[in-house]
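Colleague: What follows is each chain in one-letter form.
Protein chains: 2
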Amino acid sequence: MPKVLGLVVEYNPFHYGHLHHLNESIRLVNPDYVVAVMSGNFCQRGEPAIVNKFARAKIALMHGVDVVFELPTIYAVQDAGGFALGSVGILHKTGVVTDIVFGSESGDIDFLKRVAHLLTYQTPEFEVAFKKQLKLGYSYPNARKYALMDVLDKDVNKLSKSNDILGIEYIKALIRYNSNITPHVINRIGADYNDETFRGKFSSASAIRKAIKEGLFETSKEAMPKFTYEVIHEEFQAGRGPVFWENLEFVIALFRKLKREDFEKIYSFNEGLDLRFYESARETGDLQQFVELVKAKRFTYSRIRRAILHVLFEMDKEHVEKSNELGPQYLRVLGFNEKGRELLKMIKKNSSIPIISTASLYKQVLEGVEKDITEEKRLWDVDSELYLWQFEKDLLASDIYTFLYPNKSTRTAGMDFEQPVRI
Amino acid sequence: MPKVLGLVVEYNPFHYGHLHHLNESIRLVNPDYVVAVMSGNFCQRGEPAIVNKFARAKIALMHGVDVVFELPTIYAVQDAGGFALGSVGILHKTGVVTDIVFGSESGDIDFLKRVAHLLTYQTPEFEVAFKKQLKLGYSYPNARKYALMDVLDKDVNKLSKSNDILGIEYIKALIRYNSNITPHVINRIGADYNDETFRGKFSSASAIRKAIKEGLFETSKEAMPKFTYEVIHEEFQAGRGPVFWENLEFVIALFRKLKREDFEKIYSFNEGLDLRFYESARETGDLQQFVELVKAKRFTYSRIRRAILHVLFEMDKEHVEKSNELGPQYLRVLGFNEKGRELLKMIKKNSSIPIISTASLYKQVLEGVEKDITEEKRLWDVDSELYLWQFEKDLLASDIYTFLYPNKSTRTAGMDFEQPVRI
Chain X
0 MPKVLGLVVE
10 YNPFHYGHLH
20 HLNESIRLVN
30 PDYVVAVMSG
40 NFCQRGEPAI
50 VNKFARAKIA
60 LMHGVDVVFE
70 LPTIYAVQDA
80 GGFALGSVGI
90 LHKTGVVTDI
100 VFGSESGDID
110 FLKRVAHLLT
120 YQTPEFEVAF
130 KKQLKLGYSY
140 PNARKYALMD
150 VLDKDVNKLS
160 KSNDILGIEY
170 IKALIRYNSN
180 ITPHVINRIG
190 ADYNDETFRG
200 KFSSASAIRK
210 AIKEGLFETS
220 KEAMPKFTYE
230 VIHEEFQAGR
240 GPVFWENLEF
250 VIALFRKLKR
260 EDFEKIYSFN
270 EGLDLRFYES
280 ARETGDLQQF
290 VELVKAKRFT
300 YSRIRRAILH
310 VLFEMDKEHV
320 EKSNELGPQY
330 LRVLGFNEKG
340 RELLKMIKKN
350 SSIPIISTAS
360 LYKQVLEGVE
370 KDITEEKRLW
380 DVDSELYLWQ
390 FEKDLLASDI
400 YTFLYPNKST
410 RTAGMDFEQP
420 VRI
Chain Y
0 MPKVLGLVVE
10 YNPFHYGHLH
20 HLNESIRLVN
30 PDYVVAVMSG
40 NFCQRGEPAI
50 VNKFARAKIA
60 LMHGVDVVFE
70 LPTIYAVQDA
80 GGFALGSVGI
90 LHKTGVVTDI
100 VFGSESGDID
110 FLKRVAHLLT
120 YQTPEFEVAF
130 KKQLKLGYSY
140 PNARKYALMD
150 VLDKDVNKLS
160 KSNDILGIEY
170 IKALIRYNSN
180 ITPHVINRIG
190 ADYNDETFRG
200 KFSSASAIRK
210 AIKEGLFETS
220 KEAMPKFTYE
230 VIHEEFQAGR
240 GPVFWENLEF
250 VIALFRKLKR
260 EDFEKIYSFN
270 EGLDLRFYES
280 ARETGDLQQF
290 VELVKAKRFT
300 YSRIRRAILH
310 VLFEMDKEHV
320 EKSNELGPQY
330 LRVLGFNEKG
340 RELLKMIKKN
350 SSIPIISTAS
360 LYKQVLEGVE
370 KDITEEKRLW
380 DVDSELYLWQ
390 FEKDLLASDI
400 YTFLYPNKST
410 RTAGMDFEQP
420 VRI
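Just so you know, the protein sequences line up as chains X and Y, in that order. Residues 0 to 422, numbered by numbering that gives the first Met the number 0, are exactly what the first sequence covers, in order. Residues 0 to 422, numbered by numbering that gives the first Met the number 0, are exactly what the second sequence covers, in order.
You can take every hint at face value.
When chains are identical, the list treats them as one kind, so a pair holds in a single copy or across two.
In silico EDC-like links for lysine to aspartate or glutamate, alpha-carbon gap of 16 Å or less: (1) LYS407 / GLU282; (2) LYS258 / GLU313; (3) LYS256 / GLU313; (4) LYS258 / GLU282; (5) LYS316 / GLU260; (6) LYS407 / ASP285; (7) LYS200 / GLU217; (8) LYS258 / GLU391; (9) LYS256 / GLU391; (10) LYS134 / GLU270.
No lab work stands behind these hints: they were computed from the structure.
Isolated chain X (complex conformation) (with noise of 0.2 Å):
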């Protein structure tokens, strides 16, 4: 069997950082082929992407990426707990993917273990230590936190940077799943994820990000490989970028349309947050404000902005909760190499969830699973209503994603139809 190195990556945009991690991984694992999970339009930051999805596959793809998947949206907007069943769900029903490596601040991948085994088997020792620290009135992952160093005799600073977060995210994942898949870490290196101070080539994408909000595209050129800048500047170019969430303000007048009850059924919308949307959208018109508004210590800005789009989405609770009980349900390949063409037919075999390479054709895909099911006997593991529901999201997401375009004539729906990048 050859090794697959699979990565989880939003390229929100492609810089250096991530080439280096990129690289790295590859030098790390020395694999056969390389498979990235990636976030579609809209990132894990409650945030509509700066370019589409199309377009930041095409840069992984130039460089050195075989294959790219979509993560389905209603995990890419999930808090890192829902966004790693989402992303390690894609690489783990492959098939073929034999190694992961993220990012890590400690670069101590046997602790992040230990905290992972820990929260999954959730012992009585740490049941008591997180209560008690919720009652101090500590966000959910605050709490958590503490109480893991409480239990584990740490210093609370070992568990404070967002990789090391997500990278637990990930190992309780593959337990999960119950995946043969080994993870690996390496040291990020470069800015920190939220430092949104522009730092020449090591600047992080928020920065980047910031940079061309402000105007500064040419100078946030910098941080990026060529093959990046150059894509992110014909996109520009042709109207379809940059997207900013600023352009998502609308919401405020959807918001004004729902009863406080009609928002208890979205997903994440508990501990009286139902309300504070409810009351903030008639306080203010101001996204911004908005969040300001809604904001409370146990309300983080990502997990409001992830709020957001789920009631944009209509991704009811009962949906999600299923879809972080069975995992995603499809393949989408945004797009692929020559080697990647090779890898999608391993995949083709070993995965246990049907691939869509056009998105046209999501339908019978779907009756050709279950044909395959009852014809060749081939044990395919999808939910046929979950599959239509994550999917068809995917599809809103898009349609609402080009309605933000700078500019007007470019606003068509349907993105998704179009072919699969390949080089």
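For this one, chain X is given, so just place chain Y on it according to the hints.
Modeller: Just chain Y now, kept in the frame of chain X:
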């Protein structure tokens, strides 16, 4: 019994033509009181009003109207038939209005009455003529017009003007409510309703709005009585206007969330309008272009713009049809003067539906109505469910409307919970 003049207005914005109509109507009827029913924040052309309903009510009161009632939104954004059912319904249900005056191009009340009777008690002869015209491919309004002219043996040009068409609907509504109100017509002067050319003092409301849109507010001053200009100027200064139809562009994102079947449930979606909306929302992100794509011989621009609002406000077929059968369920006071206070007392004793003065008490008003029925045997003619549905659409319309304000800091919801204007 005192003479009470009832007027149906939009005042979007109030101009010299409106002032002339008001003064001529008073001269003709010589009333003790003047009551106007006015479109709220959205008007019959399917557009948001240039300034909000309270500002427009204030202007009406300043020019001699004693009480301004709001035409419930769900009537204000219907075609001539529904608009007339709502507005005449309000005036009739006050129980005190004795005369209605409306503008007319023909100035021939007898002719309009004949047409109204013919349309109400549709003769077989008319039915045949109507079907013949429809088969020739004419739109509903046109087919009806040609059929009428056939039957009445009149020149078709006699019935091609918007005021006459609306006037016929007013008379039909009077017949429908079995009302004793006497209808009168006066000749319209000044520019045609649809004339968008600015013609100084004699400009139409459309022309004034167009001038404002083009940044010529100071020029448009010439077409407005002093008080109109002052009130509107104050609104603009406060950032609460001008409000333009184009600000509703986000509805396209909303439409992309809907399936074709969702449109089918909405009032006015027939003859294939649902499919055209569904498809056009996917083809463009530009509202003007959207309307052009939907446009067909059988769908006028106004109808399309109104249909956009029907979706936005979720005006389902069932409730609109019930509303057109039962008429308005409340008298919503937007403003009154000293004389108006007396008139409101009279109306309270004579009306068949309750008065809503303080919007925040609208549910209590309904409880009072229900109590009245049982305890005081007062015969209110109210359907509780429909009352709530109609009024909550007014609240929603206002909450969407304020989101369209140019100045973000003024975009708060809950405008309706302000007190009515008193001068």
